[in-house]
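**Student:** Protein sequence lines correspond, in order, to chains A, B and C. Heads up: the first sequence begins at 948 in my numbering, then just goes up one per residue. Heads up: the second sequence begins at 5 in my numbering, then just goes up one per residue. Heads up: the third sequence begins at 1329 in my numbering, then just goes up one per residue.
Calculated directly from the structure, the hints in this document are not laboratory data. None of the values given here were measured: they were computed from a predicted structure. Heads up, the beta-carbon is just placed ideally off N, CA and C, and yes, glycines get one too. One thing to keep in mind: the hints can contain errors.
Said to hold, decoys possible - List time: in silico DSSO-like cross-link candidates among lysine-lysine, alpha-carbon distance up to 30 Å:
#	chain 1	residue 1	chain 2	residue 2
1	A	Lys957	A	Lys974
2	C	Lys1556	A	Lys955
3	C	Lys1797	A	Lys957
4	C	Lys1556	C	Lys1692
5	A	Lys955	C	Lys1526
6	C	Lys1522	A	Lys957
7	A	Lys974	C	Lys1566
8	A	Lys955	C	Lys1797
9	B	Lys173	C	Lys1797
To be verified - Selected chain A positions facing chain C (Cβ under 10 Å, derived; list incomplete):
#	residue
10	Arg965
11	Ser1027
12	Ala1071
13	Gln1094
14	Ala1095
To be verified - Coverage of chain C stretches by chain B, computed from C-beta distances (three or more under 8 Å per stretch; other residues unrestricted):
#	region
15	1464-1471
16	1833-1845
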Amino acid sequence: MSSGFLHKLKGDLFLGYRAVIAHPWRKLRDEDLRTGEERFLANYGPEGLLPTTAADREVLNGASRCIHCGLCDAYDRSLSVLPRTVHLGASQLAVSYSRAAPDIRYTAEILARLEESQLVRAEAVCPTRVPLRQLVVYLRRKLVELQAHPPPKTP
Amino acid sequence: MSDVLVVGGGMAGALAALSARRAGASVRLVRRALGATAMSSGAVDVAASPFAPGGDLAGQAGDYLEAAAAIARVRPRHPYAVLKGQLSRLPEALAFLVAALPELFDPPGRNNTLLLTPLGTVKPTALAQRSQLGGDLSTLEGPVVVAHLGVNPRFDATLVARGLTAAAKAIGRELEIRAVEARPFRRVEDALRTPYELAQDLDAPGRLEALVEELGHALPPGTRTVLLPPLLGRSTPRLAERLSQALNVRCFEVLSASPSVPGVRLQEALDAALKAAQVELLEMELTRTEDGTLMLAGAPAQAKTVVLATGKFIGGGIRREARFEETLFGLPVFVSGRDAGDAALGELLSERITDDQAAFRAGVRIDASLRPVGADGRPLIPNLFAAGSVLEGYDPASDKTGLGVAAFTGFLAGEAAAEAAGSSAGPGGGASR
Amino acid sequence: MSDAQFDLIIVGGGVNGTGIARDAAMRGLKTLMLEKRDVASGASGANSGMIHGGVRYLRYDRSVTALACIDSGYIQRIVPHLLFRIPFIYPLMAEDVEHPTFRERFLAYGTEVYFGAYDLYQPAKHGKRSVKLSPEEVLRLEPGLAHNMLGGMTLDEWGIDPHRLCALNVQSAQAHGATVLTYHQVMGFDRGPKGELKGVRVRDSRTGQSTTYSGKLVVNVAGAWAPKVAKLADVEVKMRPGKGVHLTLDRRFSNYGVITHAVDGRQIFIMPHEQTSIIGTTDDDYFGDPDDLRVTQDEVDYLLDGIAQAIPSVRQARVVRAWAGLRTTLYEYGKMEDDLSREHAVYDHADQRAPNFFTLIGGKLASYRVQSEEFTDLACQRLNRTAECRTHLEPLAGGERFPDVAALSKHYQLPEPTVGRMAYRHGANAEKICELADQEPALRAVLCPCEQTTYAEAVYALRNENVRKLTDLRRRCRLGMGPCQGTRCAGAAAALFAQERDLSSEQTHRELLDFLGARFEGHRPVMGGEQLAQEELNRGNYFTVGNLDGSYPRE
């Protein structure tokens, strides 16, 4: 081993070779006509890793105000429509479903049956003004986006 | 134009509105959302002796008025201290509350009761709902059964039973205590339901009878008292009594942390009392323009006097981003006796969670007439009053004075606001402009 | 005095300790692992949680990068459910985008080349090729970024839950016959006539009981405490502990990590991690007590200000927790050089007159398996045992396959998001947990709704995953690690813990207070905005109602 001069020189020479020869050569031969963004989304979209827009972030900032008091659950009309074995209550929208986009695919069945109108009173009683109905809209929007990037057929 | 505009609809705001109505004022109450009252245990803490050390349950169970006076002596910024000249009216305020909510409360005694919590601890409280009160450690009769109600595991009867045994011993009582299971909730779904749903389930026809039958089988003969999870009816306050009658055994629910069915019961009972007293209840956000006009749904909210009962952090009355702020009027916020300014939070938070946390005593300073004042003690805005946890100097968690301060200050602030409205010259002056 | 003689005694239950315990046990060594607190209580539980490919070594030590990427691939093979992909965006900055300086353009191209070279190693860890982005594309992928960019480069790494990784290593070690004792502190060593280590004197911190265990070899992998442990054998281990602070947000700020620079030029990042985002990190020499590590306001501000420079809207995000760990940076290179990494070393303390005593120090989470393999090879050599390492071939518990979440949800009648989180944490063993819920219907209930931890999962952890204190439960199943940080679940969890361990009410309350106190430590440095409302509710539940503070004498 050596952190010595020669050792470092070898490393820099390799990078120099990459910079001057190998990398430009690779780019020249690259037949992929997709834009960088397209490649990026093709890389990561199928795993649910999609961009978070400014509009998304506004809703999520609202969700972040949740202090998990559970009052929305006391006035959540969706509880009479959705069985508890499928959906636990309005509070889940903020503390669970909307926290990580890759997990949103697990809420598809719930979102198919939730309606914003069921959440009007629940939203009205929330002490920190979590936008429950906008959260439903957000989750639906993400589900649609996720469908545009279906997961790969895993072996 | 109303005489009094109350901002905030928890215990403090509701009592202010009711108290102002009693004094003959026209009252509007505007509330953005629910707050700490609806998350509370549903029992009203007035005061526990500040001299009773941790673990001294008997000391905590003493006379709550004496405890309030003691707190006024040792905590000069506590609302009880600021209002010490009127502390003798505390019983009147409590009686007022009891009279307004007869479905929930009976007139209290002079001493704190010691009630069980779902953690198996015991806490002192002055005024509990009828469905909770019989669980008073000092008076409950054994043999006691703590009953778990089937597949919902959030209530652990064994822990409560063990805690009750230890607490009973601590105050010198020998009680026979057992944990049993009855299963009125036995469907797969029931394990996942919210406490509100389970409580509501018991309101439905036939469900009380099913519970009676289940418990009847499960209770050992000779049982005198049954302690149950805090689920005894969402909208049937007398459910515990009916259960007791049917079983011929005294049945009570323990206190509740959030999500709290008794807390929601309390809030809904306050709302019903407001309606019955013809307080106009508006569920919307009140805003304030730069020149100080209060606005409701786009129009000026005209009132002769205003009571600020917007709560602390949960209620949104006080916020801290870069600095502490009172969110509606921009009143100065005081903490540790001084104007909070940009006091660093690190100075206001002790390292140990069980130590006093100054940050949670932050709030608006008032004078003995419940008017918000500045550091010089002078009222800041004419015809403005304040009540409840928006106030400086008290912390329900360490003082055990939570809803009691809200009720007391609300009661007095409503009166003061009504009086000021009666003697105010006319529209356009004062807090709403 | 215990009768058994162990082949190998491991002092320390972090990722190195648990990794060695697994490898040694799998190779048939009679193994004892001792940890004075819970597994992953030190740096292994306070790091960024990444199994990365060592991109920073690409410049001078490509072999290190190659091996790191290969090993990352191995870890994916043995515990695939626990890994999640983190794409990173590296913005290429310029002061004046219209007129970039030569240096800025050189750096931009250099980054492109560097990431392009890393692409050579990505396939080993199933990473994707780097992508070059225009400034507009960067902004569409991460709209929050401030605008002075020439473009961006992307690569991806893998994130992992480091607590579960350690817990699974322990489970595997035990399945192969190892003895694992948490909350057991080493108080001293028994030495032979030549100074060789023969045994370990250990104190169970929960019962106070002391025992001596004899062993042929002892390895000190106590991380920040390694010098203290070594001292017990009159051996000096020099170390430069480096304090690293992280912040946790209540949810994912973005699905992509962003690398940027703090005010002092140091690289810092914000990245998604499970259902949160993490901001990190600092690196400061620390000479205090490793048991008393605190986060200061300065450190919080440093990180937040740094990220906010690049992404101003992060200031609207909710920070729920600040935490610190101590890196065991090598003070000097030891006698046993290795080819695998410049960052770790194995010391043979025979040269300090303590034969049979070794210290493995430094390294990174991402290379734990290969570091453990290296040491276990050495141990086998010393013990004249021939056994091949198989830790890269055998899956950890649950790693055999990823369950069908939708099918489990339907069959066992549990909400799909709940099963989803369960499957992330437990892989194939989610099926066992669902079975448990089926047998005892009350266990179907959700104990921690933020992290979707069911009672069944908690009970499974309590029965199988070496849980000795309530706070251990949070490392196993994320209890109390969501936005409400235990406001909703701490009490119920304490009750469950008490039931499974048959505790008195006083013991239960003590556990609960310890749990709440530990959470509070993390909240205190970031207590503003919504956190104040959260804490007000927390205090409402546990003090106003629960009266935990009034129920026992103050200490």
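**Student:** If you check each hint against the structure, which ones fail?
**Tutor:** 2, 3, 5, 6, 7, 8, 11, 12, 13, 14, 15
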